[in-house]
Every structure is written in C-alpha cells, then in structure tokens.
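These protein sequence lines are chains A and B, in that order.
In terms of the working numbering, the first sequence is residues 1 to 183.
In terms of the working numbering, the second sequence is residues 1001 to 1253.
Please keep in mind that the hints were generated in silico from the structure rather than gathered at the bench.
From the three backbone atoms N, C-alpha and C, an ideal C-beta is built for every residue, glycine too.
Please note that a few of the clues may not be correct.
Quick list of the computed label-pair ranges, beta carbon to beta carbon [claimed, not checked]:
1. Trp103(A) / Pro1035(B): 28 to 34 Å
2. Val1217(B) / Asn104(A): 30 to 36 Å
3. Thr1128(B) / Ser136(A): 33 to 39 Å
4. Leu1113(B) / Ser6(A): 17 to 23 Å
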Amino acid sequence: MAIPFSYLMFGALLGGLVITVIADWSSSRKRLRQDWRTLVAGLRPVDFAGVSAVATDYLTPRGSQTELNPDEIWEFLGGYEGLKRMRENAEIMLALAAYAQRWNYAEAVIVTERMRHDAALLRSSVRRVQMGLIPSRLFRRFRFALPLHAQEACSSYYLMRQRLLSLYETSHAGRFPTLANAL
Amino acid sequence: MHLSIVDWVIMVTTSLSEAVLFAILVMRCRWRSFPVFTTCMGVETVMNLLFLIPILNGSRRLYWWIYFSTVLLEFLMQLGLVWEIARIVMRPTGTWVHDARRRFILWGTAGILFAAVVPFLVPITAATPFGRMELRGNLFTSLVFCELIAVVTRTSKSLGLGWRNHVMALSDGWTIWVVVATLTDGLQTYSGLASYYNDLEFVRMAVFLVVVLYWMVQFWLDEPARQPVSPELSAYIQTLHEQIKSDLDTLSA
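Same shape as in the complex, but just chain B (with noise of 0.2 Å):
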C-alpha cells in the first residue's frame, strides 16, 4: 500500500491526538460523565494501531479485512456518543425531560429509516458492487448522524435545555465533523471512486483533526461548577414526570 507523506502526516497526526484526547478523558476523570466518548477514542487509539500492521506490511487485503470488520463496531460507537450526548442534555435533573426522550427516538428512528431508503434511491458511481456497498453504507453513516443531532439540538433548543462546557464542545465537534462528512460523502456518491474521491477524504480527515484538537483543549478545561440536585429534588421531579404522564395518558385516552 503506497501512502504519500500528506497522508502519513495525518493518519500519525490525528493517531496520536485522538491517542492525547483518550488520555485526557481518563486522567481529567471526565470518563465520568462521558463514558462512551471515552471508550469511542479509546477503541479508535487501539484501531489506529491495528491499522498500521497492514500499512506497513502493505497487505491491502488485511487493510480491508480489518477496516470491514471494525465497521460496525465504530458504527454502534458513534450511535452511542450521539444518544449519550442527549442523555446528558435532556436529563439536567437526573430524570429525562418529559416529551424528550419519546421525541428523541421517534424523530431518531423515522431519521435511520429515510438514511436507509435514500442511498439505494440514488445513482452510484463505482465500477464494483463492492464500491457500491462502501459508498452506500458512508453515507447511510453520515446522514444518520446529521439527522440524530439535528433532533438533539431541535428538541433540546423547543425544551429550553441548557448545554454545559463539555457536553456542548463535543456536540459541536461532532456537528462540525457530520456536516463536512455528509457533503464529502454525497460528493463522493457522485463521482464515485474517481480521482478526487482520496481529495474528499483529505477534506474530510483534515476537519475530524481540528475537531479532535478542539476537543482536547475543551477536555482538558474544567466547566463551571453546577448546583448539586438534591435526592429530594430529585425525586419530587420524578414523581412529578409520573404524574404529567398519567396526566397525558388520560388526556390522551
């Protein structure tokens, strides 16, 4: 596998930043609040490692083997980082939010299902069944996680949800990140495996760094200290959801 001096740069670049933001995560305790944020950069450190035992033997077809088996795993992972950022937004008191959670995972779901429909409804430019599926699944990925954080923001912005420090610096990485990532991958479904399909990636890998770099000095900073919800508070607004439940229900029936 031939890689140019461009691409070694940022595959050691970004290697070693989501490496630092891993350690970050463990040593400022923010694995706390974070835990999927945390194992996501952790697996991604372990996968950079695996990733270079094929680029240095310069077995493509080990390449391949791994980054198809990994797939799904980073998949799941980063289906995990956008629930865990609204779970950390629309439960401020502990407890989900009325309306939120229910809205998360309707708006969530008809989201998957029309990310799904909408890569076999265009046109795929690639020579290979193959190249199909890879620029098929790429843009299922990124349209998925642009519509799940466009129903976190939306839902949290109608429910005059607060975002704190880290939980909105990751959101706004992540929001960054799925925005280049969905336009290089619609790009990409137009022109196929063509010449500017590695340019795309460059774009693409180039903004997954300076978001990775932002996260680490957001990490690193400690957020204001927040009001402690007492255990009566918080139970009281527990009882209180219960009862706004039964409450609809009832309406509703």
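Same shape as in the complex, but just chain A (with noise of 0.2 Å):
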C-alpha cells in the first residue's frame, strides 16, 4: 500500500501548487487590471475611531502610557477579524498608492514607497498576533507580546491610511472624498 499513497501524496502536493500559482496569477492579474473605483470598492470596513485610538496611543506617549489595557486595544481593533482586514486593506491601498503615480509620480513613488514600509512591518506584526493565537508552549513568548504586535500593526495601518489620504488630498482633491469615505 506505500506506493499508492505516496502517489496519493505526490498528487496532492503536486495539484495543490499548480491550483496555487493559477491561483496566484489570476489574482495578481485581476487586480492589475482593477480601475479606481473598484480598488475602493474592495475595501472593507474597518472601524477607524478605534484604530485611530490604539495607534494614538502608540504614536504619540502622553503623560500616562498605560490608558489602553490589552483587552481595550484588542476590541478597539475589531479582533482578530479586524486585523484581517487591515491586512487585506493594506494591499488594495498600495495599489491605489501606486495608481496614483499615474498623475503625480514623484511623490506617489515616494509615498508608495513609505507605505511598503508600513505594511512589512503590519504583517510581520499580524503574523506575529497569529503566532501568538496558537495555544502552545512553542509559540509562548508571543502570546505574551500580542497586545504589542496588536498596536504595532493597528499603528502602521494608520499610517499608511494618513499617507495615503495626504497624496490624495494634495494630488486628486476630485477622488480623496469618496476614498476617505472608503477608509
């Protein structure tokens, strides 16, 4: 019987990476081929007010430094789903980054380029809150610095949305209302 199954194997394996690069380059040439207005239309919802208090409260110390408990930042975000979301956000908002190019190119290319930073470090932080998620003694020491990857990730979304609504605002006043409204 070992040699069926690992035919079995072979083929799964085999099936499964050729699913995932069709998949892959559908998905990347989809969204290349995407015009403004449906970049902004895949947007999804993401509660700013408690993004903009938990990435405040990173950004900027005040006086007091412990204002947000764990249990505050982690539902001021949304959970785990609003990670998501700011995870899948951050692509479509690079993208429109560099739609923006099309019509001020020297500062879109430098935003855009800011906005990169800015979304390595928000996955890299929703990776490590994953890593965190995951109830065993291996992943440990992330669990205990979730809350920070939390803000850490919370924090860079809010940059890039800040950047992002400036290049608008000062390079196509015509878009920036409906993409703030998005955002």
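Using the hints, put the two chains back together into the complex; each one sits in its own frame.
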C-alpha cells in the first residue's frame, strides 16, 4: 500500500502547487486590471475610531502610557477579524498609492515606498499575533507580546491610511472624498 | 533515430519560432531590458541547430550526449530568466523595493530545497537508473520554476507592484508553460517512460510553441511610454531604502 499512498500524496502536492500558482497569477492579473473605483470598492470597513485610538496611544506617547489595557486594544481594533481586514486593505491601499503615480509620479513613488515599509511592518505584526494565538507552549513568547504586536499593526495601518489620504488630498482632490469615505 | 512527421513539424516550427523571437528581441532592442531572455533564445536557437546533427545522422548516442551536456546550461538560463522577471518587477525605480529581494531569495531558496527533496520521495517508474535520473531531474526543474514564479507573483501583488506589458507577457507565457510542464512531468513520473511519455512530451512542446508565438507578437509591439525616474528621485529612494533598513534593523535588535 505504500506506493499508491505516495502517489496520492504526490498528486495532492502537485495539484496544490499548480492550483496555488494559477490562483496567485489570476488574482495578480485581476488586481492589475482593476480600475480605481473597483479598487476602492474592495476596501473592507474598519472601525477607524478604534484604530485611531490604539495607534495614537502608540505613536504619540502622552503622560499616561498605560491608558489602554490589552483587552481594550483588542476590542478597539476589532479582534483578529479587524487585523485580517487591515492586512487585506493594506494591499489595496498600496495598489491605490501606485495608481496615483499616473498623475503625480514623483510624490506617489515616494509615498508608495513609505507605505510598503508600513505594510511590511503590518504583515510582520499580524504574523506575530497569529503565532501568539496558537495555543502551544512553543509560541508562548508571542502570546505575551500579543497586545504590543496588535498595536504595532494598528499603528502601521493608521500611518498607511494617513499617507494615502494626504497623497490624494494634495494630488487628486476629486477622488479624495470617495477614498476618505471608504477608509 | 526515427521521428514522426508530427515530431518534425513541432521541432522545426519551434526552432524557427525561437530563432524569429531572438531576431525580434535583437532588432527591436528588447535585449537592453531583457538580456537574459534574449541570451536564452539565442542559446536555444544554437542548441536547436546542434540537435539537428545527431537527428540527421541518426546517432542516438550523440543526441543524448548533447542533451546531457546542455541540460545544466538550460537550467541556469531559466533560473536567470526568473531572476530577470523578479528584477524588473521588483525594481520599478531602479532600486529593489524594500523587503522584495529578501522575500524572493528566502522563499526561492526554500522552494528549491523543497523541489530537491520531492523527486526522491516519490517512487519513480523507470526501468533504468538513467531513466529515473532523467525523470527526477525534469520534475525537480518544473517544481523549482513553478515555485519561483509563484513567489514573484505573490510578492509583487502583496507589495502593490505594477507589471509593464513586456515583462507581464514574459511572465504570463512562462507561467502557462511551467504549469503545463509541472503537470506533464508529474504524470511522466507516474507513468515512467511508458508509451504515453511521448504524447505528454508532445503536449508540452505544443504549449511551448504557442507561448513562443505569443512572445513574438508581444515583444514586437511597443510598450506605452513610462515617465522616467529622475536621478534626484532615484537617489532619494535609495536613501529612503537605506533609512528604512536601518530603522528595521534597530527595531529587530
């Protein structure tokens, strides 16, 4: 029975790889074909008031830096679902910043680069949160730092949003209100 | 060596198409942006001519000698081709986008290691060690390129990187061919060098021919003009990347 099982595993592996390649390729080409309105429509709602409260607490330290406790941070950012939404929106926000290169090349290139940096931090923080949520002793150190990583993710998202809105405010006032409304 | 009419048609058409594609890449000056791709097509054209010698002489031994002495060169050139796609897509302003090169190298290396292990875990149906080696080699190559192109596509999407027409055409054709090659190699691994090995080879070659024809059209056409990156902007982005790297290093420490 060893050989058929190995072929089954191999078939599943090969099929999985091929499906992944085709899905990635198709999704990447779909994103490239999307126009501005479709991109904006793809943004998922995030409670910005909560995100803003968590990010401001992290980015602009004031007198009391322990105002928000871990449970409040988690609640304000909408839990794990909120983090997932932020990560998905970050990809679309990058595409929207790159889109702005059509009418304001120099500024949009720089803003996009900065946003990519924020997006990298966001992704890495969400990854750490995900590891912290795994109930295993192996990932204990991530669990302890979970509120910190959640706050980092929130701050990166906050910065990306602010950078994108500022870019559109100065370079395409016509599209700014729609974007601000969607974000 | 006996070749059927269909084999001859596929072989001659593919060789001619590759030669024409090479001429287009040179004449339309595409080699400036795609030096590796142009070299690949040039070398493929020469190799096609080389393979004609044993086929016309009927020397199977010489055929296999040429095949095995060029297989490493072909693999390295294809590896270079994926690197070229990655370099063009992930350096839109002349500087590698932050995080892109690291991710590409990291995931690419993991993919190569994975592809190196898989062919040894699967029972290969072939009568001789030579046949098994050939099937394992083909499977390894297809898995490597399948994974690498997936890494490039996924990284570019998550970093919001744009694709211009030529590099997109190159990548689209490459992806289609690599997917078909992976499937045919997988089936060949299962079937071994049985009777439908040649039929699967025929499918793979026919798809490659279509891809080469597609590349011929795409590389003949011009891309829309792109706004040039000024030296000042380029220098600024370079500094920005260095600053980001330094910030991240500090954070990681």
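Hints and how they fare:
The hinted window of 28 to 34 Å between Trp103(A) and Pro1035(B) holds, with their beta carbons roughly 33 Å apart. Distance hint check for Val1217(B) and Asn104(A): the Cβ-Cβ separation is about 33 Å, which falls inside the suggested range of 30 to 36 Å. For Thr1128(B) paired with Ser136(A), a C-beta distance near 47 Å fails the hint of 33 to 39 Å. Taken as a hint, the range 17 to 23 Å holds for the pair Leu1113(B) and Ser6(A), whose Cβ atoms sit roughly 20 Å apart.
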